[in-house]
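Undergrad: Sequence order for the protein chains is A and B.
Position 229, counted from 1, in the first sequence is what the numbering used here calls 229; the numbers after and before it change by one each time, with no gaps.
Position 117, counted from 1, in the second sequence is what the numbering used here calls 117; the numbers after and before it change by one each time, with no gaps.
No lab work stands behind these hints, which were simulated from the structure alone.
Treat the hints with care, since some could be wrong.
If several chains are the same, the list does not tell them apart, and a pair holds so long as it fits within one copy or across any two.
List time: in silico PhoX-like cross-link candidates among lysine-lysine, alpha-carbon distance up to 25 Å [what the hints assert, rightly or not]:
hint : residue 1 : residue 2
1    : K218      : K127
2    : K176      : K218
3    : K176      : K127
All values reported here derive from a predicted model rather than from experimental measurement.
There are 2 protein chains.
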Amino acid sequence: MIDRIAILGTGLLGTSLGLALRVAGFGGSIVGWNRRPEGAHEALSMHAIDSIAPNALEAARSSEVVVLCVPIYSTLDHMEQLAAVLGPEQLVTDVGSTKAQITAAAGRLFNAPDRAAFLPGHPMAGKERGGAALGDANLFRGAAWLFTDDPSWQRSPQSEALASSWRDWVVAIGSKTIDLDAGRHDELLAWVSHLPQFTATALSSLLEDQVGNAPELKQVGGRALREMTRLGASPFSMWRDIAHTNTAAIEAALEALEQRIAHIRENLRTPELRDEFERANQFRRE
Amino acid sequence: MIDRIAILGTGLLGTSLGLALRVAGFGGSIVGWNRRPEGAHEALSMHAIDSIAPNALEAARSSEVVVLCVPIYSTLDHMEQLAAVLGPEQLVTDVGSTKAQITAAAGRLFNAPDRAAFLPGHPMAGKERGGAALGDANLFRGAAWLFTDDPSWQRSPQSEALASSWRDWVVAIGSKTIDLDAGRHDELLAWVSHLPQFTATALSSLLEDQVGNAPELKQVGGRALREMTRLGASPFSMWRDIAHTNTAAIEAALEALEQRIAHIRENLRTPELRDEFERANQFRRE
Numbered sequence: 001m002i003d004r005i006a007i008l009g010t011g012l013l014g015t016s017l018g019l020a021l022r023v024a025g026f027g028g029s030i031v032g033w034n035r036r037p038e039g040a041h042e043a044l045s046m047h048a049i050d051s052i053a054p055n056a057l058e059a060a061r062s063s064e065v066v067v068l069c070v071p072i073y074s075t076l077d078h079m080e081q082l083a084a085v086l087g088p089e090q091l092v093t094d095v096g097s098t099k100a101q102i103t104a105a106a107g108r109l110f111n112a113p114d115r116a117a118f119l120p121g122h123p124m125a126g127k128e129r130g131g132a133a134l135g136d137a138n139l140f141r142g143a144a145w146l147f148t149d150d151p152s153w154q155r156s157p158q159s160e161a162l163a164s165s166w167r168d169w170v171v172a173i174g175s176k177t178i179d180l181d182a183g184r185h186d187e188l189l190a191w192v193s194h195l196p197q198f199t200a201t202a203l204s205s206l207l208e209d210q211v212g213n214a215p216e217l218k219q220v221g222g223r224a225l226r227e228m229t230r231l232g233a234s235p236f237s238m239w240r241d242i243a244h245t246n247t248a249a250i251e252a253a254l255e256a257l258e259q260r261i262a263h264i265r266e267n268l269r270t271p272e273l274r275d276e277f278e279r280a281n282q283f284r285r286e
Numbered sequence: 001m002i003d004r005i006a007i008l009g010t011g012l013l014g015t016s017l018g019l020a021l022r023v024a025g026f027g028g029s030i031v032g033w034n035r036r037p038e039g040a041h042e043a044l045s046m047h048a049i050d051s052i053a054p055n056a057l058e059a060a061r062s063s064e065v066v067v068l069c070v071p072i073y074s075t076l077d078h079m080e081q082l083a084a085v086l087g088p089e090q091l092v093t094d095v096g097s098t099k100a101q102i103t104a105a106a107g108r109l110f111n112a113p114d115r116a117a118f119l120p121g122h123p124m125a126g127k128e129r130g131g132a133a134l135g136d137a138n139l140f141r142g143a144a145w146l147f148t149d150d151p152s153w154q155r156s157p158q159s160e161a162l163a164s165s166w167r168d169w170v171v172a173i174g175s176k177t178i179d180l181d182a183g184r185h186d187e188l189l190a191w192v193s194h195l196p197q198f199t200a201t202a203l204s205s206l207l208e209d210q211v212g213n214a215p216e217l218k219q220v221g222g223r224a225l226r227e228m229t230r231l232g233a234s235p236f237s238m239w240r241d242i243a244h245t246n247t248a249a250i251e252a253a254l255e256a257l258e259q260r261i262a263h264i265r266e267n268l269r270t271p272e273l274r275d276e277f278e279r280a281n282q283f284r285r286e
């Protein structure tokens, strides 16, 4: 029932989304917009979008579903602007990595019977480098796609139907949808996503200081080193917004890891080390 | 020129080594021994070895090259026993992950003109789980194989020729040999191998406490979480010996990481975070 989708931000996620929708059989039109025009042209050349809009508002106005595929603060900016011009027969959704601030804005600016709906979403997919050129129709296959809908929201029937239809498309492109509370989302993600990222950044940055001037020594580490530092290539531009919008939960997770590493350091020669390995083994079981 | 090799310890490394030698065209005999007889039978059934010796000494006595593929403390034990029975026409080598203690023992027990030679080796290859059944002829392909030979050692011409021939076989199975001082080896490995392992153990153990009781939440983390915790499955039995034989260097590396994580935690909202990401990006460049 969705005929026209606007993808605002044709980076890795936006471009992959357009490609995935096409592969899954979406037959309507997909209009794209990107802050840097080259990104939009790349997405167009890859057939992830059918046309390029001159600006974000124009792309959104003429679409039933608007997907914001931009960093978190840009998402919040677009939400302010879109809320003023969209109506109850339209749906906005997003792919932002933290959800508390976006979900609060969605309740304040959208999701009333006379307004557009906003469905806060978060696909657990990405690559360590961004950009349209890395767009991949299979990026979302097998990934979790989290939604932090608020059950108290009163949407128009049309926009509610669009939200339901969007969820169907998310399943059609191979993702598994999971619903959870926005606050719980951000706390959970601090552990299973933000903590691994900042750990990889700390490890990579430290190793750059220690062995960065001897590239041949990086080879010595092999697969283990490569895997543990792969996320070191992640762009600051994306993670700054995550650090700013989930600060307290990330601080708590990082501090807990510092303590756990110190505990291992202090027990390299005691039986406590076995307990830590067994607990870690347990995490990797099933 | 090597006709008979003994592999003592037919776990993942020993079994992979036998398979790799065969694939590379080694036409001599390979006798195996393993503390647990099932491991030797598994290696035999995979054709990684041709026969099973009743004990380690018997396998070693009748071979030109003896490869110790057991944990570090077992390697040190075997070295004491083998030094007493082997002669200057024989070579012992190993695959131990720390080299200072083994290299010191090699100088004390071997590497005199009237004794067997000992060539301390360390292939940078492995999997997060051990055992003969995971043996893989390609395990060493593209990996660094480190040697910590001491140039002051005076070996017999026969054993020196065997050491040179063993290096050729290491290259033949696809590894890149690198020579370095044993002390430098252990300090370097603390950064590029031991630090990543203990970091993964700390992260996995912490996450087991936080989300271990909700397996569906592990899926949420996706590829990033899987990669950053893969080494959490590593066996304590192997890492205990590494922790015991390289304690000071590992302590220093872990403490430096604790400080780096704390620095990131204290700067989640300052421009310092950008510097850390840029340094981490730099490590992943070239």
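Undergrad: Give a verdict on every hint.
TA: Verification of the hints:
no.	hint	verdict
1	K218 with K127	both (22 Å within a copy, 18 Å between copies)
2	K176 with K218	between (37 Å within a copy, 13 Å between copies)
3	K176 with K127	within (18 Å within a copy, 30 Å between copies)
Of the numbered hints given earlier, the model fails none.
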